[in-house]
Amino acid sequence: MKFNVTIDRDEDGVWIVECPSIPGCVSQGQTKEEAIENIKDAIAACLQVRAERGLPLPTP
Numbered sequence: 017m018k019f020n021v022t023i024d025r026d027e028d029g030v031w032i033v034e035c036p037s038i039p040g041c042v043s044q045g046q047t048k049e050e051a052i053e054n055i056k057d058a059i060a061a062c063l064q065v066r067a068e069r070g071l072p073l074p075t076p
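Numbered according to the numbering used here, the sequence shown spans residues 17 to 76.
Simulated from the structure, these hints should not be mistaken for laboratory data. Mixed in with the good hints there might be a few duds.
DMTMM-like mimics (lysine to aspartate or glutamate), calculated; alpha carbons at most 25 Å apart, straight line [unchecked claim]:
#	residue 1	residue 2
1	Lys18	Glu49
2	Lys18	Glu50
3	Lys56	Asp28
4	Lys48	Asp24
5	Lys18	Glu68
6	Lys18	Glu53
7	Lys56	Asp26
8	Lys48	Asp28
9	Lys48	Glu27
10	Lys56	Glu27
11	Lys48	Glu68
12	Lys18	Glu34
13	Lys56	Glu34
14	Lys56	Asp24
15	Lys18	Asp57
16	Lys48	Asp26
17	Lys56	Glu68
Derived Cβ-Cβ restraints for the label pairs, each shown as a range [what the hints assert, rightly or not]:
#	residue 1	residue 2	range
18	Asp57	Asp26	18 to 24 Å
19	Val65	Arg25	23 to 29 Å
20	Asp28	Ala67	30 to 36 Å
21	Thr47	Gly70	33 to 39 Å
22	Thr75	Gln46	30 to 36 Å
23	Arg25	Leu73	26 to 32 Å
Where is the CB? At the ideal position from N, CA and C, for every residue including glycine.
Produce the entire structure from the sequences given, and follow the hints as far as they go.
In structure tokens, the structure reads:
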């Protein structure tokens with residue numbers, strides 16, 4: 017599954033990336049590329065937790 021994400025740079029220069037389809041699914045990185053790789057792991061973890069808890073899975 018592919019999810020849309022938003023990516024912004026904060027005042028300290030850290031890249032913040034969020035998946036709006038999955039509430040609370042946020043990650044960061046020192047580079048844009050690192051942030052994107054990190055959100056992939058975060059999305060997978062969020063989906064796994066939701067599945068384990070019997071919560072509905074979001075659609076991309």
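Going through the hints against the structure:
Note on Lys18 and Glu49: the hinted pairing holds, with a Cα-Cα distance of about 17 Å set against a maximum of 25 Å. Between the alpha carbons of Lys18 and Glu50 the distance comes to roughly 18 Å, so the proposed pair stays at or under 25 Å and holds. Taking the CA atoms of Lys56 and Asp28, the gap is near 22 Å; set against the 25 Å cutoff, the hint holds. With a C-alpha separation of about 9 Å, the suggested pairing of Lys48 with Asp24 holds against the 25 Å cut-off.
Taking the CA atoms of Lys18 and Glu68, the gap is about 20 Å. The hint holds against a cut of 25 Å. Taken as a hint, the Lys18 and Glu53 pair is honoured in the structure, with Cα atoms around 13 Å apart against an allowance of 25 Å. Distance restraint check for Lys56 and Asp26: the Cα-Cα separation of roughly 20 Å lies within the 25 Å cut-off, and the hinted pair is therefore satisfied. With a C-alpha separation of about 14 Å, the suggested pair Lys48 and Asp28 falls inside the 25 Å cut-off, and the hint holds.
A threshold of 25 Å between alpha carbons decides the hint, and for Lys48 with Glu27 the separation of about 14 Å falls inside it, so the pair holds. Between Lys56 and Glu27 the alpha-carbon distance is near 23 Å, which keeps this suggested pair within the 25 Å criterion. For the suggested pair Lys48 and Glu68, the alpha carbons sit about 30 Å apart, so the restraint of at most 25 Å is broken. The straight-line distance between the Cα atoms of Lys18 and Glu34 is roughly 13 Å, inside the 25 Å bound, and the hint therefore holds.
Our distance criterion of 25 Å between C-alpha atoms is met by Lys56 and Glu34, whose separation comes to about 10 Å. A hinted pair counts as satisfied when its Cα atoms are at most 25 Å apart, and Lys56 with Asp24 qualifies at roughly 16 Å. Straight-line distance between C-alpha atoms of Lys18 and Asp57 comes to about 13 Å, which keeps the hinted pair within the 25 Å bound. Taking the CA atoms of Lys48 and Asp26, the gap is about 12 Å. The hint holds against a cut of 25 Å.
A hinted pair counts as satisfied when its Cα atoms are at most 25 Å apart, and Lys56 with Glu68 qualifies at roughly 18 Å. Separation of Asp57 from Asp26 is about 20 Å and conforms to the stated range, judged on CB atoms against 18 to 24 Å. Separation of Val65 from Arg25 is about 28 Å and conforms to the stated range, judged on CB atoms against 23 to 29 Å. Roughly 34 Å separates the CB atoms of Asp28 and Ala67, a value that falls within the hinted 30 to 36 Å.
At about 36 Å, the CB distance of Thr47 to Gly70 agrees with the hint of 33 to 39 Å. At about 31 Å, the CB distance of Thr75 to Gln46 agrees with the hint of 30 to 36 Å. Range check, Arg25 to Leu73: Cβ separation about 30 Å, and the 26 to 32 Å hint holds.
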